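J.: Quick mapping for you: the protein sequence lines, in order, are chains A and B.
Note that the first sequence ends on residue 130 in this note's numbering; no numbers are left out.
Note that the second sequence ends on residue 130 in this note's numbering; no numbers are left out.
Keep in mind that the hints were calculated from the coordinates and are not lab data.
What you are looking at is a predicted structure, and each value in this text was computed from that prediction instead of being measured.
The beta-carbon is built from N, C-alpha and C at its ideal position, and this holds for glycine as well.
Hints are not guaranteed to be accurate.
Take a look, some chain B residues computed to stay more than 10 Å from chain A by CB distance [said to hold, decoys possible]: (1) G36; (2) S51; (3) A89; (4) G94.
Partial list, derived from the structure: chain B residues whose beta carbon lies under 8 Å from chain A [unchecked claim]: (5) S13; (6) A18; (7) I23; (8) L25; (9) I29; (10) V68; (11) Y72; (12) A111; (13) A113; (14) L115; (15) L117; (16) D118; (17) R122.
2 protein chains.
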Amino acid sequence: LIKYLLLIAHGSRRQGANDEIIRLAESIAGHADNGYDGVLPAFLEIAEPSISEGIKRCVELGAEHIVVMPYFLAAGNHVYKDIPGEIACAQAGAPEVKIEMSQYLGASEAMASLVLDCSRRVDQASTSS
Amino acid sequence: LIKYLLLIAHGSRRQGANDEIIRLAESIAGHADNGYDGVLPAFLEIAEPSISEGIKRCVELGAEHIVVMPYFLAAGNHVYKDIPGEIACAQAGAPEVKIEMSQYLGASEAMASLVLDCSRRVDQASTSS
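Just chain A, with the same shape it has in the complex:
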């Protein structure tokens, strides 16, 4: 099956924040052996493409299996209600495509390690312990 990853961010009024997501999707797409035939970004609110537009774009590109990944740190209504609702709606309109939602980012078991790595990168030149 042709498999696409749709990375869902909240969407921001600052285009710079949305651009970060677009670059992240490009970066993931560039990973060798990432397991996907394509990686696209989409936004729950404010920015475009919307989730339904993103799913439609994947289907147009030939996707037969779409994994929707919520790029959210906390499991709130967006993760448990809004995104599944958008998926259910898109699924109804494209019953031939398999659409699944993955774990949201904040639930990642590797998060503690990532935070530790990140905390070691201090802006200022002065570092000591």
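Chain B: place on chain A using the hints.
T.: Structure of chain B alone, referenced to chain A:
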């Protein structure tokens, strides 16, 4: 130097989201060789402890060097203005303590890999490619 990590989340009206941050800080604290004498959570808004309270708590626990890590995905005003402002204010009140801000979560170079790992964890039992 006694070194503490202060993990800063936005803060949510849903206590469940705040509890996730508290558990994450505990999980990081439990990592062997994490490089910190202690790891505490704090919140920019809404939830407690605040950043200033969190820094004060680190100092009371003996911290001589505090790394403040923004648990934020996007680099907006919170990361570039609000958190540095809180740090500057706390630093003025505790000049003997070295307080630094690290990279924010979303800037992590390992984020693409984490998203990929996370996307492979699909809720539903049906998985194929």
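J.: Close enough to count: is the Cβ of A113 (chain B) nearer than 8 Å to one in chain A?
T.: This interface hint holds because 5 Å falls under the 8 Å limit.
J.: Are all beta-carbon distances from A89 (chain B) to chain A longer than 10 Å?
T.: holds (13 Å)
J.: For G36 (chain B), which was marked as not at the interface, is the minimum beta-carbon distance to chain A over 10 Å?
T.: violated (7 Å)
J.: Could you check if L25 (chain B) really has its C-beta closer than 8 Å to a C-beta on chain A?
T.: Hint on L25 (chain B): holds, closest Cβ of chain A at ~6 Å, below 8 Å.
J.: A closest beta-carbon separation below 8 Å is what the hint needs, so does A111 (chain B) meet it against chain A?
T.: Cβ of A111 (chain B) sits 6 Å from chain A, so the hint holds.
J.: Does the nearest C-beta of chain A fall within a distance shorter than 8 Å of the C-beta of D118 (chain B)?
T.: Since the shortest Cβ distance to chain A is 6 Å, the answer is holds.
J.: Just to be careful: measuring from the Cβ of V68 (chain B) to every Cβ in chain A, is the smallest value less than 8 Å?
T.: Holds - the Cβ of V68 (chain B) comes within 8 Å of chain A, reaching about 5 Å at its closest.
J.: Taking 8 Å as the limit, does the beta-carbon of R122 (chain B) come near enough to a beta-carbon in chain A?
T.: holds (4 Å)
J.: Was the hint right that S13 (chain B) lines chain A, CB cutoff 8 Å?
T.: holds (6 Å)
J.: The hint names L115 (chain B) as touching chain A; please verify it with the least Cβ-Cβ distance against 8 Å.
T.: holds (6 Å)
J.: Could you check if Y72 (chain B) really has its C-beta closer than 8 Å to a C-beta on chain A?
T.: At about 7 Å, which falls below the 8 Å cut-off, the nearest Cβ of chain A leaves the hint on Y72 (chain B) intact, so it holds.
J.: Restraint: I29 (chain B) near chain A, CB-CB cut 8 Å. Satisfied or not?
T.: holds (5 Å)
Hints 1 and 7 from the earlier list are contradicted by this structure; the remaining hints agree with it.
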